[in-house]
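Asker: Listed here are the chains, written in short residue letters.
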Amino acid sequence: DTGVSQDPRHKITKRGQNVTFRCDPISEHNRLYWYRQTLGQGPEFLTYFQNEAQLEKSRLLSDRFSAERPKGSFSTLEIQRTEQGDSAMYLCASSLMSTSPGGEQFFGPGTRLTVL
Amino acid sequence: DAKTTQPTSMDCAEGRAANLPCNHSTISGNEYVYWYRQIHSQGPQYIIHGLKNNETNEMASLIITEDRKSSTLILPHATLRDTAVYYCIVRVLQGAQKLVFGQGTRLTINP
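In order, the protein sequences belong to chains A and B.
Those letters in the first sequence? Residues 126 to 241, by this note's numbering.
Those letters in the second sequence? Residues 4 to 114, by this note's numbering.
Misleading hints may appear alongside valid ones.
In silico lysine-lysine, DSS-like type, Cα no more than 30 Å apart, as pairs [unchecked claim]:
id : chain 1 : residue 1 : chain 2 : residue 2
1  : A       : Lys136    : A       : Lys196
2  : A       : Lys196    : A       : Lys182
3  : B       : Lys6      : B       : Lys72
4  : B       : Lys55     : A       : Lys136
5  : B       : Lys72     : B       : Lys101
6  : B       : Lys72     : A       : Lys136
7  : A       : Lys139    : A       : Lys182
8  : A       : Lys196    : B       : Lys6
9  : B       : Lys6      : A       : Lys182
10 : A       : Lys136    : A       : Lys182
11 : B       : Lys6      : B       : Lys55
12 : B       : Lys55     : B       : Lys101
Computed footprint of chain A on chain B, listed as stretches where at least three residues anywhere in the stretch have a Cβ under 8 Å from a Cβ of chain A [claimed, not checked]:
id : stretch
13 : 21 to 31
14 : 59 to 71
Here are some of the chain A residues that sit facing chain B, going by a computed Cβ distance under 10 Å [said to hold, decoys possible]:
id : residue
15 : Phe190
16 : Ser212
17 : Leu241
Derived by calculation from the structure, the hints in this document are not laboratory data.
The beta carbon of each residue, even a glycine, is placed where N, CA and C say it ideally should be.
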């Protein structure tokens, strides 16, 4: 399968615990994005990388959240001291930087986080 | 904030054309109209995008009004698998990379 993959697909944790999610983008894609989606809402942008550089972060990304893409390939999103409000679907997407029309983002299946 | 307005929900009979409207009255000259859809429990899926000309691909057609203040996504022969939430998004091609999703239109295809 050559699409975007995310691991784990589901995570249940207790409030106050740390969790880490992984995203593997489409192999030749140099841009990687994280979004969060709560029930009944559209996805909300969190952050994006171009290669290994984190170029934009949303104000939604509090200091408990950190994202990395150390070698410009896979990315991790860590949430420290989880809160019940962090319960959501965390979506990863990738795209290929291009100067021609296109550049659409390809999304993974998401990681559903439940904080008890 | 999302720059688009869509109906909350729509129904369509299987085999018929589904026409999903979107208003984007504040669209700028360098902003494209993108459509994504999200089938239950999956990530969003790109459908089509356009600037000012009508576009067609294997999934859908996109009709953009001459003043570019609104557009319509057309699924020519809807199937049950087209049941999903459809998002209309405006964005510049270069520069800001994030997609700003609204609440979308929940399209239900009925047998």
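Asker: A separate judgement is required for each hint: does it hold in the structure or not?
Answerer: Status of each hint after checking the structure:
For the proposed pair A:Lys136 and A:Lys196, the alpha carbon gap of about 25 Å is at most 30 Å, so the pair holds. Distance restraint check for A:Lys196 and A:Lys182: the Cα-Cα separation of roughly 19 Å lies within the 30 Å cut-off, and the hinted pair is therefore satisfied. Restraint check for B:Lys6 and B:Lys72: the C-alpha separation of about 11 Å stays at or below 30 Å, so the hint holds. For the hint pairing B:Lys55 with A:Lys136, the CA-to-CA distance comes to about 43 Å; that exceeds 30 Å, so the pair is violated.
For the proposed pair B:Lys72 and B:Lys101, the alpha carbon gap of about 21 Å is at most 30 Å, so the pair holds. Straight-line distance between C-alpha atoms of B:Lys72 and A:Lys136 comes to about 42 Å, which puts the hinted pair past the 30 Å bound. For the hint linking A:Lys139 to A:Lys182, the alpha-carbon distance of about 26 Å falls within 30 Å, and the restraint holds. Between the alpha carbons of A:Lys196 and B:Lys6 the distance comes to roughly 35 Å, so the proposed pair goes past 30 Å and is violated.
The suggested pairing of B:Lys6 with A:Lys182 holds, with an alpha-carbon distance near 20 Å, which does not exceed 30 Å. Between the alpha carbons of A:Lys136 and A:Lys182 the distance comes to roughly 24 Å, so the proposed pair stays at or under 30 Å and holds. With a CA separation close to 17 Å, the supplied pair B:Lys6 and B:Lys55 stays within the 30 Å bound. For a cut-off of 30 Å, the pair hint linking B:Lys55 to B:Lys101 stands: about 21 Å separates their Cα positions.
For a cut-off of 8 Å, the count of residues in the stretch 21 to 31 of chain B with a CB near a CB of chain A stands at 0, and the three-residue condition is violated. With a threshold of 8 Å between beta carbons, the proposed coverage of the stretch 59 to 71 of chain B by chain A is violated, since 0 of its residues qualify and at least three are required. The interface hint given for A:Phe190 is violated, since its Cβ lies 16 Å from the closest Cβ of chain B, which is over the 10 Å cut-off. Taking 10 Å as the C-beta contact cut-off toward chain B, the hint placing A:Ser212 at the interface is violated, the least distance being around 16 Å.
A least Cβ separation of about 21 Å between A:Leu241 and chain B goes past the 10 Å threshold, and the interface hint is therefore violated.
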